[in-house]
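**Student:** Produce the entire structure from the sequences given, and follow the hints as far as they go.
Residue numbers (this note's numbering), protein chains in the order written: chain Y, 1 to 264; chain G, 1 to 264.
Among the hints, erroneous ones may be present.
Derived PhoX-like pairs (lysine-lysine); straight-line CA-CA distance at most 25 Å [claimed, not checked]: (1) K156(Y) / K253(G); (2) K253(G) / K253(Y); (3) K156(Y) / K178(Y); (4) K253(Y) / K149(G); (5) K253(G) / K37(Y); (6) K64(G) / K37(G); (7) K256(Y) / K149(G); (8) K37(Y) / K64(Y).
Calculated directly from the structure, the hints in this document are not laboratory data.
Here are the chains, one letter per residue:
Number of protein chains: 2
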Amino acid sequence: MRLLVSNDDGVYARGIQTLANTLTEAGHDVTVVCPDKERSATGHGLTLHDPLRVQEMQHLFHPKITAAWACSGTPSDCVKLAIWALLDTPPDLVLSGINHGSNLGTDVLYSGTVSAAMEGVIEGIPGIAFSLTSYQPTDFQPAADFACKLVQQLEKDPLPELTLLNVNVPAVERDEIKGAMITRQGVRRYTDVFEKRVDPRGKIYYWLSGELLEDVEDPDIPNDVPTDVQAIRESYITITPLHYNLTSPLGLKMMKDWGALRLD
Amino acid sequence: MRLLVSNDDGVYARGIQTLANTLTEAGHDVTVVCPDKERSATGHGLTLHDPLRVQEMQHLFHPKITAAWACSGTPSDCVKLAIWALLDTPPDLVLSGINHGSNLGTDVLYSGTVSAAMEGVIEGIPGIAFSLTSYQPTDFQPAADFACKLVQQLEKDPLPELTLLNVNVPAVERDEIKGAMITRQGVRRYTDVFEKRVDPRGKIYYWLSGELLEDVEDPDIPNDVPTDVQAIRESYITITPLHYNLTSPLGLKMMKDWGALRLD
Numbered sequence: 001m002r003l004l005v006s007n008d009d010g011v012y013a014r015g016i017q018t019l020a021n022t023l024t025e026a027g028h029d030v031t032v033v034c035p036d037k038e039r040s041a042t043g044h045g046l047t048l049h050d051p052l053r054v055q056e057m058q059h060l061f062h063p064k065i066t067a068a069w070a071c072s073g074t075p076s077d078c079v080k081l082a083i084w085a086l087l088d089t090p091p092d093l094v095l096s097g098i099n100h101g102s103n104l105g106t107d108v109l110y111s112g113t114v115s116a117a118m119e120g121v122i123e124g125i126p127g128i129a130f131s132l133t134s135y136q137p138t139d140f141q142p143a144a145d146f147a148c149k150l151v152q153q154l155e156k157d158p159l160p161e162l163t164l165l166n167v168n169v170p171a172v173e174r175d176e177i178k179g180a181m182i183t184r185q186g187v188r189r190y191t192d193v194f195e196k197r198v199d200p201r202g203k204i205y206y207w208l209s210g211e212l213l214e215d216v217e218d219p220d221i222p223n224d225v226p227t228d229v230q231a232i233r234e235s236y237i238t239i240t241p242l243h244y245n246l247t248s249p250l251g252l253k254m255m256k257d258w259g260a261l262r263l264d
Numbered sequence: 001m002r003l004l005v006s007n008d009d010g011v012y013a014r015g016i017q018t019l020a021n022t023l024t025e026a027g028h029d030v031t032v033v034c035p036d037k038e039r040s041a042t043g044h045g046l047t048l049h050d051p052l053r054v055q056e057m058q059h060l061f062h063p064k065i066t067a068a069w070a071c072s073g074t075p076s077d078c079v080k081l082a083i084w085a086l087l088d089t090p091p092d093l094v095l096s097g098i099n100h101g102s103n104l105g106t107d108v109l110y111s112g113t114v115s116a117a118m119e120g121v122i123e124g125i126p127g128i129a130f131s132l133t134s135y136q137p138t139d140f141q142p143a144a145d146f147a148c149k150l151v152q153q154l155e156k157d158p159l160p161e162l163t164l165l166n167v168n169v170p171a172v173e174r175d176e177i178k179g180a181m182i183t184r185q186g187v188r189r190y191t192d193v194f195e196k197r198v199d200p201r202g203k204i205y206y207w208l209s210g211e212l213l214e215d216v217e218d219p220d221i222p223n224d225v226p227t228d229v230q231a232i233r234e235s236y237i238t239i240t241p242l243h244y245n246l247t248s249p250l251g252l253k254m255m256k257d258w259g260a261l262r263l264d
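**Tutor:** Shown next, in the form of structure tokens:
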């Protein structure tokens, strides 16, 4: 398959190198277009007011890789630029990651990794976001091997249009992973999120810290499948299908009774 | 009501000033915490690697406003910081805008305006994002007056938990607005999105332009309500209830037949 690989940790990250090289080794036609430096928690940002530049980076990857570029923009910029300007033909699949750290529950809204895959979906190309639940230098190979399996699966059973998969791999030894599970997005809340400090010149500043508070149930989503947050705790790989329509069916239902809102 | 007002156009924007002043004039307890400069298309970004600073800006607003701060972060940072560090008690409602330019359909994924309101919802506080469909200097008063009406409505009929409203107001004369309509998020695709140029030193760069291609149907959402994209064309104010759970029910359904995915 023709695969476009991106991430939000930047071109030098071990996660994207393991992913792109493993897919190349498996015989796929792989092109990397990813940020030239770390762009974590950029959400789904686009660069409107600055030019974008790209730089060849093929030497960082497997000798058989088709092409590799680092781009001055966000993960979304990279995927958009690849599809519209850098690639001769659109890819079959956009893969993002492997992220250093999990993207579970509400975190997907902030995640550059997920937004790279989402950008592909917006352009009509299905995608998968991969994350490993560890910030430590660690072994990305089990996650990359699973990525190969999942690509194979999607070749056989394509995703519904406008859907991407958000995959999180637990950072445990390969033989401790219990398997893969289809999940729904959990909802997480944080607490104690800012530290107030004083700088050497006596001025106040704040620094975001954050501590997990709880999972919250969302009545809009059927709860007969486990959440990603629950399943990863039990050492399963989680696969959550996401779409980019945020319309709340429950909200629509409740607002039916509002009647007409007049301006005057 | 105790209202927190933010935006992504920054503290000097006419949109936020008209919104905050109109709500203050109507007797609400209004606090502004918004970016110190324009932060459009930042998506749902959070500042993790830098400190956040705030600056009093009360002089820019109505004399009866409770407080106003400009913050060095993104719209999401502003709302998080307000709730956890700046306000004594959480607000009843987070209002964002009035944005200079529409936030319709797929655009909500990139929108700093929507993400400010979404951040409130993540923290358990309902929100409304307001946008006016014009980048030109224009009259924000009809949109601000409608915001007052909507706040009144929510006092009477609270939103379901974890829901925000995305409101777009057509930039036409007040008496040309046909009314307000409950809508669902449309799906838009763009084409011709990059211009390739050569800089004065002979190096290539790209600049994002973009042209609307089409609306796409999403099978996951019932289509017995009009999309925001459709309704605004007919000069209606659009009110779309959004949630932050991106799980695709259709994706879950289709993947039920996948069977077990093994690692080995």
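**Student:** So, for every hint listed, does it hold in this structure?
**Tutor:** Hints versus structure:
With a C-alpha separation of about 17 Å, the suggested pairing of K156(Y) with K253(G) holds against the 25 Å cut-off. At most 25 Å may separate the alpha-carbon atoms for a hinted pair to count; K253(G) and K253(Y) meet this at roughly 22 Å. Annotation: proposed proximity of K156(Y) to K178(Y) holds, straight-line Cα distance about 24 Å (limit 25 Å). Distance hint between K253(Y) and K149(G) is fulfilled; the C-alpha atoms sit about 21 Å from each other, no more than 25 Å.
Straight-line distance between C-alpha atoms of K253(G) and K37(Y) comes to about 38 Å, which puts the hinted pair past the 25 Å bound. With a C-alpha separation of about 24 Å, the suggested pairing of K64(G) with K37(G) holds against the 25 Å cut-off. Proposed proximity of K256(Y) and K149(G) is supported: the alpha carbons are some 17 Å apart, at most 25 Å. Only pairs whose Cα atoms come within 25 Å are accepted, and K37(Y) paired with K64(Y) is accepted, the gap being roughly 24 Å.
Of the numbered hints listed earlier, the single one contradicted by the structure is hint 5.
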